[in-house]
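Heads up: the sequence lines are chains A and B, in that order. In this text, residue positions in the first sequence follow this note's numbering: the first is 45, and each later residue adds one. In this text, residue positions in the second sequence follow this note's numbering: the first is 510, and each later residue adds one.
For the record, the hints were derived by calculation from the structure and aren't laboratory data. A portion of the hints provided could be inaccurate.
Unchecked claim - Result set (BS3-like, lysine-lysine): computed pairs, CA atoms no more than 30 Å apart in a straight line: (1) A:83 to A:262; (2) B:764 to A:244; (3) A:201 to B:764; (4) A:83 to A:136; (5) A:317 to A:136; (6) A:244 to A:262.
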Amino acid sequence: MIDAKRRTPETSLARKLVLALPYAWLLLFFLVPFLIVLKISLSQSAIAQPPYAPVLDFAAGWRGIARFFAGLSFDNYRLLGSDALYLLSYVKSLEIAAFATLLLLAIGYPIAYAMARTPRRVQAVLVVLVVLPFWTSFLIRIYAWMNILQRDGLLNKALLALHIVREPPVWLATDTAIYIGIVYSYLPFMVLPLYAVLEKLDQSLLEAAADLGCPRWKAFWLVTLPLSSPGIVAGVLLCFIPIVGEFVIPDLLGGSNAPMIGQTIWTEFFGNKDWPAASAVAVALVCILVTPIVLFQHQAMRASEKS
Amino acid sequence: MRKVTAFNLFAIVLGIVFLYLPIVVLVVYSFNASRLVAVWGGWSTQWYAELAGDAAILSAASISLRVAFVSASLATFLGTLAAVALVRFGRFRGRLLFASMIYAPLVMPEVITGLSLLLLFVALAVDRGFWTVVIAHTTMAACFVTVVVQSRLVDFDMSLEEAAMDLGAPPLRTFLTITLPLILPAIAAAWMLAFALSLDDLVIASFTTGPGATTLPIRIYSQVRLGVKPEINAVCSIFIAVVCVAVLTASLVAKLTAARGAPTRL
C-alpha cells in the first residue's frame, strides 16, 4: 500500500497522473458526448451542416448564448409521445428483452447448474467451451444463423426430412428468429455469472437438507435457488440491458415491420438524417434503462468493494 | 463426491451443441463447391481462392487489425490506470463520478455510444476516419480492461509490496518491479479482450468511421444484408480459425504459467 507517510512529491505527482489520464479521457469521450446528445435532442432539425439548430455560437457572446437557449425546445420529446412508431418500438424492445431474458434464464440455469456439478478438470474445459464462441465475432454468429434459418436452409431441410412440416416455414424476418439470435448470442453472459455462484455453493448444505429428509427438488427450491440469486441478478442485468438496445440481431434476423429501438435510432440518424429526433430517442432509451443500469452499477461496485 | 447425472449430462451436451452447431455449419458450407448455399456441390476451396483476390475485404481486414491493435493498447493503458486508481486510492473526490463512468459504458447500448461520439466529433469538426474509430473503441474497451485488471488487483498479496518498500524501494519502483509483473497476466488477458471487442464491433465503428476507414465488420455487414454468400462464409471461417487458435494458445499459456508460478505465489 502506498501510505501517506512515505508519499514524496514525485509519487504524489504519479498518483495524480494515474487518476487524471483515465478521468480526463472518460469525461471527454463519455460524459461530454452524452451531454451533446442531450443538447441536440432539444434542438430542431434543420437543412444545414450540421443538420440541427440552434448551434451554440460563442463568437456572438452573451447574445449568442441567449439565442441558443431560447431556441431549445421539447418538441422532439412531444413527437416521441405522440408518434405510434416510437412508442411501438419501445414496447417491442422491452417485450423482446424481457421475454428473451426469461428464456435465457430457463436455458442457462440448467447448463450452469450441470457445469458446476462436473469434476473440476472438466469444469475448466467447459468454461473455455462456453466462452470461446463469445470471442468469435458477434456478427459472424448471427450470420451463421442466417445460413441455417433461410428458406432452403438446414433447419427447414431437417424439418422436411423428418416429415414434421410439409411446407418449409419462414424463419427469417420473424420474431422467432430474433429470439433464436438473442438466446444464442447472450447465452454465455447468462451462464457464466450463474456458474460462478453455483460453483461456490457449499455442497454440505444440500447434504444436510438430504439428511433431514428433504426431497431433492425441495432442497433445490429452498437452498440452491435462493443462494444463487446474486448470479441470477447479475445474469439477468447483463442480458436484459444490452438486449433492449440491440441493433444487429433484429436488423439481420428480424422483419422490417416493427423495428426495435436500436433500429429506430439507426434509421432516424442514417436514413432520415433527423439528428435531433435520433438524439431524443436515445435519451429516452437511457431514461428507460437508468433503473437497471443503476442496479447493475450498484452490484458491480458492491462486488468490487466486497473483495 | 460429485456425480454427473443424466439430466446434467443432457443439459451440457445440448448447450454445447447449440453453441457450436451454427459455427460448424458455417465453416462446412464455406467449403461448398456450389454457389447456391442450399445445394451441396462437394468440397472445394474456391471461395478462399477468390477471397485472396478481393482487395476490398483485404483492406478492410487490415484496417480492422490496425484499429484493434492501437485501440486495445490505448485501452489497456488507460484501463489499467483506472483500475489502480479505483483499487488503491481509497476514497478521493469525484470517485463516484469516476466509478460511474467506468461501469456505465459496460451496459450502455452501442447505438447510443456510437451516436454520442459521432456528435462529439461533429461538434469538434474533426474529420472522421481511422483515429475517430480508434478513440471510440478505446473508450468502449477501457472499461472492460478496468474490470478485468481490478479483479486481479483486488486479491493481490499486499505483503509483497510492503516487503519491497520495507527494503527501501520507492512506491513507483515497487509498482513497476513488483506489482506490474504480478498483474501482467490480467493485463494481457484484458488486452486480448479489448482487441477482440474492437475487431468485433460493427455499430460503434459504423457511427464513427469516415471515408477510407471501412472496418471488416462494416464490410461484412454490407454484404450480409444482401443474403448468404459463400465468400462471406470463407471470411468468417478464417476469422473463427484465427480466434480459436489465439484463445486456445492464450489459455494454454495462462495455464502453464499458472502451474509454474503457483508455488512461488504461495
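Exercise. Given the hint that residue 83 (chain A) pairs with residue 136 (chain A), test it: the Cα-Cα distance must not exceed 30 Å.
Key: 27 Å, holds
**Prompt:** Is it true that the CA of residue 83 (chain A) sits at most 30 Å from the CA of residue 262 (chain A)?
**Reply:** 54 Å, violated
Checklist entry - Hey, residue 244 (chain A) versus residue 262 (chain A), does the alpha-carbon distance stay inside 30 Å? => result This hinted pair holds, its Cα atoms lying about 20 Å apart.
Is it true that the CA of residue 317 (chain A) sits at most 30 Å from the CA of residue 136 (chain A)? 23 Å, holds
*asked:* Hint check: residue 764 (chain B) vs residue 244 (chain A), CA-CA at most 30 Å. Holds or violated?
replied: Status holds; Cα separation ~21 Å.
Straight-line alpha-carbon gap residue 201 (chain A) to residue 764 (chain B), limit 30 Å:
Roughly 42 Å separates the two Cα atoms, so the pair is violated.
When held up to the earlier numbered hints, the structure conflicts with 1 and 3 and fits the remainder.
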